[in-house]
Amino acid sequence: MKKALTGIVLLALVISLIGCGSGKDKEAASSAPASSPAGSADASPSASASESKDPVKLRVAWWGGQARHDYTLKVIELYESLNPHVTIEPEYAAFDDHWKKLAPNAAAGNLPDVIQMDISYLSQYGGRGQLEDLTPYTQNGTIDVSSISEASISGGKLGDQLFAMNLGSNALLAVIDKVMLEAAGGTMPNEDWTWDDFTKLGPVMKSQGKLLTADLRHDVFFPFYLRGKGQHMYAADGKGLGYTDDQLFIDFYTRYQEWYNNGYLLSLDKLAQKKGTPEDGELEMGNAVSTWGWSNQYILSSTVAKRPFEILPVPGWNENKALFLKPSMYFSIAKNSKVKEEAAKFIDFWVNNIEANKIIMGERGVPVSSKVKEALKPDLTPEQAKVFDYVAWAEQNSSQMDPPNPVGAVEVDKLLKDTAEQILYKKLTVEEGAAKFREEATKILSKN
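Per the numbering used here, residue 39 is the first one in the sequence shown, and the count goes up by one each step.
Rather than coming from a laboratory, the hints here were simulated on the basis of the structure.
Please read all numbers here as calculations on a predicted model, not as lab measurements.
You may find that some hints are simply not true.
What the hints assert, rightly or not - Pairs of lysine to any residue residues, derived as SDA-like cross-links and limited to a Cα-Cα distance of at most 20 Å, are as follows:
#1 Lys-95 x Asn-374
#2 Lys-139 x Lys-373
#3 Lys-455 x Gln-295
#4 Lys-238 x Val-217
#5 Lys-485 x Arg-166
#6 Lys-464 x Ala-310
#7 Lys-313 x Ala-105
#8 Lys-452 x Val-258
#9 Lys-312 x Ala-343
#10 Lys-481 x Tyr-281
#11 Lys-244 x Gly-301
#12 Lys-138 x Glu-127
#13 Lys-373 x Pro-128
#14 Lys-313 x Ala-132
#15 Lys-455 x Asp-307
#16 Lys-139 x Gln-104
#17 Lys-308 x Asn-325
#18 Lys-415 x Thr-341
#19 Lys-216 x Glu-229
#20 Lys-277 x Lys-452
#21 Lys-415 x Ile-392
#22 Lys-415 x Glu-433
#23 Lys-474 x His-256
#24 Lys-138 x Val-448
#25 Lys-344 x Asp-417
#26 Lys-474 x Val-448
#27 Lys-485 x Tyr-159
#28 Lys-344 x Glu-421
#29 Lys-359 x Trp-332
#30 Lys-376 x Gly-147
#31 Lys-465 x Gln-295
#32 Lys-216 x Thr-341
#33 Lys-238 x Asn-300
#34 Lys-312 x Phe-259
#35 Lys-481 x Ala-273
#36 Lys-312 x Gly-324
#37 Lys-474 x Lys-485
#38 Lys-244 x Met-218
With the hints as constraints, model all of the structure from the sequences given.
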């Protein structure tokens with residue numbers, strides 16, 4: 039009897055140990071990146087659901103206008119329908135508000151799981167260890183990159199770490215209301231137009247009470263102007279400005295000041311009230327003949343305006359191969375996320391799932407997946423086809439983009455905007471502004 043009892047106790051102990059061991063294995067398996075994508079282009083609904091049916095809550099944050107918010111919510115609904123164990127909490131705002139919301143969350147270690155990321159902020163968040171390296175997820179197929187070129191992927195890298203997944207390819211452009219221009223007596227420029235050609239449209243539009251444009255984003259178009267002159271905004275090591283001759287600053291902002299003084303641009307007080315969305319854009323509302331930005335923004339502009347526009351490359355694109363392709367924006371995963379695997383599956387779904395992309399329709403840039411791009415072509419509207427065709431043209435007429443902006447670039451961007459405004463308010467001469475910008479930008483970047 040005693041031997042039998044001892045045997046029973048030993049058997050129970052063995053079973054208990056086996057149970058503990060399998061529990062640890064299961065936990066380890068669930069925390070490791072999955073080996074198959076959740077929402078790839080050819081995934082069936084049953085295959086798209088995570089193997090683990092434990093409830094998952096995923097926070098996804100992005101910026102944009104109302105139209106982008108609306109379709110993004112539809113993509114989220116589709117993902118949730120295919121993955122019923124997942125609940126997604128959307129967090130969306132206009133561009134500036136997006137970053138204002140992220141800053142305190144980053145300080146508190148409470149960033150959203152999936153973050154829409156911009157190249158201007160990639161070094162700031164990635165360099166401070168706040169973003170997850172996506173390389174393991176691309177290597178094991180959780181994020182399927184088999185139909186995505188290395189050039190499209192590399193734009194999200196800092197060193198050898200992939201901190202952001204490209205959501206679409208973009209190129210700078212000018213959007214022109216040809217009907218408005220010709221009604222005012224102007225002539226539509228051709229693709230080889232110059233900054234002088236743009237300036238000549240100013241008095242034509244002013245005679246009709248219209249603007250040339252609201253403004254040009256300083257952190258985008260001054261660096262582009264520098265590329266046309268064979269120079270760059272930042273030094274290769276990120277420790278200073280990339281151009282040495284302040285005459286380039288003087289030339290650009292002398293012209294910009296001329297536009298402003300002549301009333302070709304929106305006044306600074308009115309500009310300060312803008313939310314930066316297509317819904318309150320001067321072109322879209324019929325008050326300006328052009329707007330300037332990235333190719334993906336064209337679709338929303340024409341949708342909001344409910345009228346077609348024409349696309350032109352930015353003046354100077356053909357000087358020193360200034361034109362370049364850029365990731366329109368990215369999705370990144372927060373380092374503090376507790377659900378990184380599901381976050382990676384959501385990113386894969388966004389990039390590769392054809393049904394999802396039939397909702398997105400290239401609004402965040404021409405899709406990086408060649409399979410998705412081909413699948414969408416038959417369904418493109420004429421306006422969407424313009425963007426796809428323009429990006430394809432830009433790809434054949436561009437050079438390599440600059441590296442991601444260095445740490446401190448966000449401060450430098452703000453300094454450039456503030457300095458430009460002081461020039462326009464006549465608190466500084468253009469020459470004083472050039473010297474002030476160099477001195478203060480160098481102080482910021484020298485900390486790197």
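Verification of the hints:
no., hint, in the structure
1, Lys-95 x Asn-374, "holds, 14 Å"
2, Lys-139 x Lys-373, "holds, 17 Å"
3, Lys-455 x Gln-295, "holds, 13 Å"
4, Lys-238 x Val-217, "holds, 17 Å"
5, Lys-485 x Arg-166, "holds, 14 Å"
6, Lys-464 x Ala-310, "holds, 17 Å"
7, Lys-313 x Ala-105, "holds, 14 Å"
8, Lys-452 x Val-258, "holds, 12 Å"
9, Lys-312 x Ala-343, "holds, 17 Å"
10, Lys-481 x Tyr-281, "holds, 15 Å"
11, Lys-244 x Gly-301, "holds, 7 Å"
12, Lys-138 x Glu-127, "holds, 18 Å"
13, Lys-373 x Pro-128, "holds, 18 Å"
14, Lys-313 x Ala-132, "holds, 7 Å"
15, Lys-455 x Asp-307, "holds, 14 Å"
16, Lys-139 x Gln-104, "holds, 18 Å"
17, Lys-308 x Asn-325, "holds, 13 Å"
18, Lys-415 x Thr-341, "holds, 18 Å"
19, Lys-216 x Glu-229, "holds, 14 Å"
20, Lys-277 x Lys-452, "holds, 17 Å"
21, Lys-415 x Ile-392, "holds, 12 Å"
22, Lys-415 x Glu-433, "holds, 18 Å"
23, Lys-474 x His-256, "holds, 16 Å"
24, Lys-138 x Val-448, "holds, 12 Å"
25, Lys-344 x Asp-417, "holds, 19 Å"
26, Lys-474 x Val-448, "holds, 17 Å"
27, Lys-485 x Tyr-159, "holds, 17 Å"
28, Lys-344 x Glu-421, "holds, 11 Å"
29, Lys-359 x Trp-332, "holds, 17 Å"
30, Lys-376 x Gly-147, "holds, 12 Å"
31, Lys-465 x Gln-295, "holds, 12 Å"
32, Lys-216 x Thr-341, "holds, 16 Å"
33, Lys-238 x Asn-300, "holds, 12 Å"
34, Lys-312 x Phe-259, "holds, 19 Å"
35, Lys-481 x Ala-273, "holds, 14 Å"
36, Lys-312 x Gly-324, "holds, 15 Å"
37, Lys-474 x Lys-485, "holds, 18 Å"
38, Lys-244 x Met-218, "holds, 12 Å"
When the structure is compared with the earlier hints, no violation turns up for any of them.
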